[in-house]
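Undergrad: Residues per chain are reported as follows:
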Amino acid sequence: MTAFQIILMGILIICAISVSFSKNLLNSILIYMSFSLVMSILWICLESPDLAITEAAVGAGITSVLFFVMLKKIQAIEIIETEKKEASEDE
Amino acid sequence: MSKKRSAEEYQKTFAFRFFRWLHGEKDPYVGEVEMRPQEEYHVDEEAILRHEKEHDAILDRVYSEDNIELKAFRRLYHVTSILFCLFLIALLLVTVSYLPATGTIERPVNNEVAVRYIESGLEETGAVNIVAGMILDYRAFDTLGESHVLFVATITVLILLRMNKKGSQGINDRIFEPKNDTILQLVATFLVPIIIIFGIYIILNGHLGPGGGFSGGAVIGAGLVLYLNAFGFAKTERFFTEKTYKWVCFFSLSFYCLAKSYSFYTGANQLHSVIPKGTPGAILSSGLILPLNIAVGLVVACTIYAFYAMFRKGGF
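Residue numbers (the working numbering), protein chains in the order written: chain B, -6 to 84; chain E, 351 to 666.
Heads up, a few of these hints could be off.
[What the hints assert, rightly or not] Calculated cross-link-like contacts (lysine-lysine; reagent style DSSO-like; alpha-carbon spacing at most 27 Å): (1) K66/B / K596/E; (2) K593/E / K376/E; (3) K593/E / K66/B; (4) K596/E / K376/E; (5) K66/B / K585/E; (6) K16/B / K65/B; (7) K610/E / K627/E; (8) K65/B / K421/E; (9) K596/E / K585/E; (10) K585/E / K65/B; (11) K610/E / K596/E; (12) K66/B / K16/B; (13) K403/E / K421/E; (14) K663/E / K66/B.
Just so you know, these hints were derived from the structure itself, not from any lab.
The shape of chain B in the complex, shown without the other chains (with noise of 0.2 Å):
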């Protein structure tokens, strides 16, 4: 295992905790997207690309945008504007 491959799953730990703990639902939905990028570059070192090109399009494309329209649907993205809107003008 070359240190480039250990340098990744740092990386992926880091995202996985960091998708949980964070409150912006926005945020985690980025986080999550950048977690399947990394984790298609792991495929790719670990000698599979039929699966790199798999998480790459499924994982980090098309998940995240239903995820997206999922948050329209339900209003999460408007309401955190909304959130941030109110705490600059109380500031």
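Position chain E against the provided structure of chain B, taking the given hints into account.
TA: What follows is chain E alone, placed relative to chain B:
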């Protein structure tokens, strides 16, 4: 020459009744079953108040602090859950201890199946990419199940998210879309053809290099989603509607079923298969793997687009 029948004669035939049933033109209840107008519902306020009082009384009695049963139940619940977790951990640890040790010859990794795949995979399937040969030839039944799972998932999402055409104007996402975003449209004009061609390349090269039906279909689906985002539903509906999705999925899945049944039948019974293997490395080689890849790719691309469209506006 077929004789032209009169309308009355046609109405007696089976075909007329079948198509009437198929299109749902006749309601089987109308004129057959006695129908009465529904009785109006009377709200009895006293009864509601009484029920509320009883409900509150029950809640007070159950959740009061000196309810011994509830206390005992809570304690029992905690103890049981801890015991169950300990039991589960112990069971898994015991199971793990029975696994063969790392590096020994008897490990399942070292058995004859993997060796067979690597040694005679190219000869038996004709695919240079051993992974494609494995998932679409030796284990094609699993891939068929995967495609069907995708199809069933779309149907479930359709049931859950579909909106009625009437009265959904307020919720419809299409009205609130930012239309004609110039930057997005320009980027999409350049990127969408490249993405879709790359997806087609992955599908068609599935038996030669890394890739295959699932990943290529996912890439094509992502390209379609980008196109949809940039140009809106009006443009995509010109080539992709619910009907297209239905027929593409139907033909791909049934083609997969038939082709694989044929190859399983001939393979298991030592019969001669008419499908040539071709020269390994050429694009038209490895028998059924290329058409199966195309079928899986079509299903996956359509499913991903359908998911996105249904999440966005509850229909196609």
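Undergrad: Each of the hints needs a verdict: does it hold here or not?
TA: Outcome of the hint check:
With a C-alpha separation of about 26 Å, the suggested pairing of K66/B with K596/E holds against the 27 Å cut-off. Taking the CA atoms of K593/E and K376/E, the gap is about 23 Å. The hint holds against a cut of 27 Å. Of the supplied pair hints, the one linking K593/E and K66/B holds, its CA atoms being roughly 25 Å apart against a limit of 27 Å. The straight-line distance between the Cα atoms of K596/E and K376/E is roughly 25 Å, inside the 27 Å bound, and the hint therefore holds.
A distance of roughly 23 Å separates the Cα atoms of K66/B and K585/E; the hinted pair therefore holds under the 27 Å criterion. Proximity of K16/B to K65/B is assessed by CA-CA distance (about 17 Å); at most 27 Å being required, the pair is judged to hold. Our distance criterion of 27 Å between C-alpha atoms is met by K610/E and K627/E, whose separation comes to about 15 Å. Between K65/B and K421/E the alpha-carbon distance is near 43 Å, which puts this suggested pair outside the 27 Å criterion.
The straight-line distance between the Cα atoms of K596/E and K585/E is roughly 19 Å, inside the 27 Å bound, and the hint therefore holds. Among the hinted pairs, K585/E with K65/B is consistent with the structure: their alpha-carbon atoms are about 23 Å apart, no more than 27 Å. Restraint check: the Cα-Cα separation between K610/E and K596/E comes to about 21 Å, which is no more than 27 Å; the hinted pair holds. Straight-line distance between C-alpha atoms of K66/B and K16/B comes to about 19 Å, which keeps the hinted pair within the 27 Å bound.
Proposed proximity of K403/E and K421/E is supported: the alpha carbons are some 25 Å apart, at most 27 Å. Only pairs whose Cα atoms come within 27 Å are accepted, and K663/E paired with K66/B is accepted, the gap being roughly 10 Å.
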